[in-house]
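S.K.: Heads up: the protein sequence lines correspond to chains A and B, in order. Each residue of the first sequence is one higher than the one before, starting from 3 at the first, in the working numbering. Each residue of the second sequence is one higher than the one before, starting from 1498 at the first, in the working numbering.
Simulated from the structure, these hints should not be mistaken for laboratory data. For each residue, glycine too, the CB sits at the ideal point set by N, CA and C. There may be inaccurate statements among the hints.
[Unchecked claim] Only part of the chain B face toward chain A is listed, based on derived beta-carbon distances under 10 Å: (1) Ser1511; (2) Leu1514; (3) Lys1553; (4) Leu1556; (5) Arg1557; (6) Asp1571; (7) Ile1581; (8) Asp1599; (9) Tyr1616; (10) Asn1644; (11) Ile1654; (12) Gly1678; (13) Lys1721; (14) Ile1729.
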Amino acid sequence: MVFIRFKSFNILIFILTIFVSAAVVHGTNVKIDENTIYLLEKINNFEIVVKNERVNVENLKHEIEVEKGKMVSVNESEYFDTIIEMNKNIQELKHYNGFTDVRGPGIIMRVSDSVSEDETIDIMDKIVHDVDITVLINDLKSAGAEAIIINGKRIINISEVVCAGPLLKINGDSVSAPFLISAIGDPEALYNAVNEEGTYAYELKNVWGMEVATMKSYNLFISKLPKFFEENYEIQYAEIAE
Amino acid sequence: MNKIWNKALLFIISIALGIIFMTQYNTVQNVLGTDKTINEKTSDLNDEMTKLNIEKNQLRDELDRLKAEAEVNDALLKEREEEIQRIEEELNKQKILSGHYDVKGKGVVITIDADPNAYINLAYSHQYILALISYLNNAGVEAISINGQRYTNYTEIVPVLDHINVNGVALVLPLEIKAIGNERTIEASLNFVGGIVSQMTQIGFVIETEYKDEIQINKFVGDKEFIYATPIEPIEDELLEQ
Chain A
3 MVFIRFKSFN ILIFILTIFV SAAVVHGTNV KIDENTIYLL EKINNFEIVV
53 KNERVNVENL KHEIEVEKGK MVSVNESEYF DTIIEMNKNI QELKHYNGFT
103 DVRGPGIIMR VSDSVSEDET IDIMDKIVHD VDITVLINDL KSAGAEAIII
153 NGKRIINISE VVCAGPLLKI NGDSVSAPFL ISAIGDPEAL YNAVNEEGTY
203 AYELKNVWGM EVATMKSYNL FISKLPKFFE ENYEIQYAEI AE
Chain B
1498 MNKIWNKALL FIISIALGII FMTQYNTVQN VLGTDKTINE KTSDLNDEMT
1548 KLNIEKNQLR DELDRLKAEA EVNDALLKER EEEIQRIEEE LNKQKILSGH
1598 YDVKGKGVVI TIDADPNAYI NLAYSHQYIL ALISYLNNAG VEAISINGQR
1648 YTNYTEIVPV LDHINVNGVA LVLPLEIKAI GNERTIEASL NFVGGIVSQM
1698 TQIGFVIETE YKDEIQINKF VGDKEFIYAT PIEPIEDELL EQ
């Protein structure tokens, strides 16, 4: 039994020896000469280049993903909806604020200095003053005027009517008598507001001798504030309080 | 004993031969690679390199396209942001002017009361309040309120008995007029010799002005319905300009 096992072992050694010999012969058969080593080196280098190229490609893919991520989509409809909504609000506010041309029924008034020959009236009282026009505007507003213009100057809440020597200053421009006031609103109510006894205009005409003439109109045109005013007017001090 | 030695020796030899065989095999594999020849490997690498180059060029083109698109997108977004900002500024301006929003800013608080020794009927003197507002406007103020009532485009000051109604609300002395604007121009517009403050003081009003870095002016609470004034559409507007 021991003999058999010993024999098997010898056979194993023999086979292994054959394998080793074959491997050595195979090794010598590959003919690794200088040229082969040179080629192998070149292949190795080439492999490195290819490997780098793979990395470059991966980097580019990554860069594209990053770029795609950064890309903010431009939502056309949302943008235009916003613009349309804001412009609609602006347009409504402009109408409210006197920045649009308007048309409608109302009255036209002509007010000029007194021609009264009554010497008891002081000369200064014969002149149409800034406060007279201010009160007339207020009376027209009280009667529901929706738009007022004086000698082409649209009256809004920031309009001043102040004395500028022999002239008046309205919206930064000088205005001289006679003062032509147009107001859009209920013609009857507006007419009464400057003609009924006891009104300021009535007093101007009948007490101080000023020339006050009024007529109703059923299709008045009142222009907006001039474009340069609208474009150049800037809010500098006030801001909306949240 | 000798047999055991022989067995041990043969065992060691077989282990060594096994190691030599595997080492030799691995060395050949490492030098030459797998079963492929050098030419095959070079060819494979060339193919891969070509594919990688094509892919890289495509990716570069894609990246360039994305970058160009992003640039166009950014410019468009910037342009739109600027446009929205411009419209927002216009909207804010109109909102502030309308008086329908609370506003804050630096300005003046004018307190108007009657001298205890003078008889003042506020209703009879309402034109002074109107004149004062006009002179505040002359100073370029951007918002005005009278005892909390915002002065809007349609605010009227109506004398009633011994008081005044502002926006339909009855007000009595003392009045507190707030105005947002430039301190120096307000001062100059109100307090010149013979100006509105001096005129009011002469008839028995006591006026105190206090300039503050921040005042708040409340919005007008209410609606304005336009019945008579119809805004002229922009198209019609343009035709009129032509």
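S.K.: Take the hints in turn and mark each one as holding or not.
M.R.: Structure-based check of all given hints:
1. Ser1511: 5 Å, holds
2. Leu1514: 4 Å, holds
3. Lys1553: 5 Å, holds
4. Leu1556: 4 Å, holds
5. Arg1557: Since the shortest Cβ distance to chain A is 7 Å, the answer is holds.
6. Asp1571: Check passed: Cβ of Asp1571 (chain B) comes within 8 Å of chain A, closer than 10 Å.
7. Ile1581: 7 Å, holds
8. Asp1599: 4 Å, holds
9. Tyr1616: With Cβ-Cβ at 21 Å, over 10 Å, it is violated.
10. Asn1644: 17 Å, violated
11. Ile1654: 6 Å, holds
12. Gly1678: 5 Å, holds
13. Lys1721: Holds, because the Cβ-Cβ distance from Lys1721 (chain B) to chain A comes to roughly 7 Å (cut-off 10 Å).
14. Ile1729: 4 Å, holds
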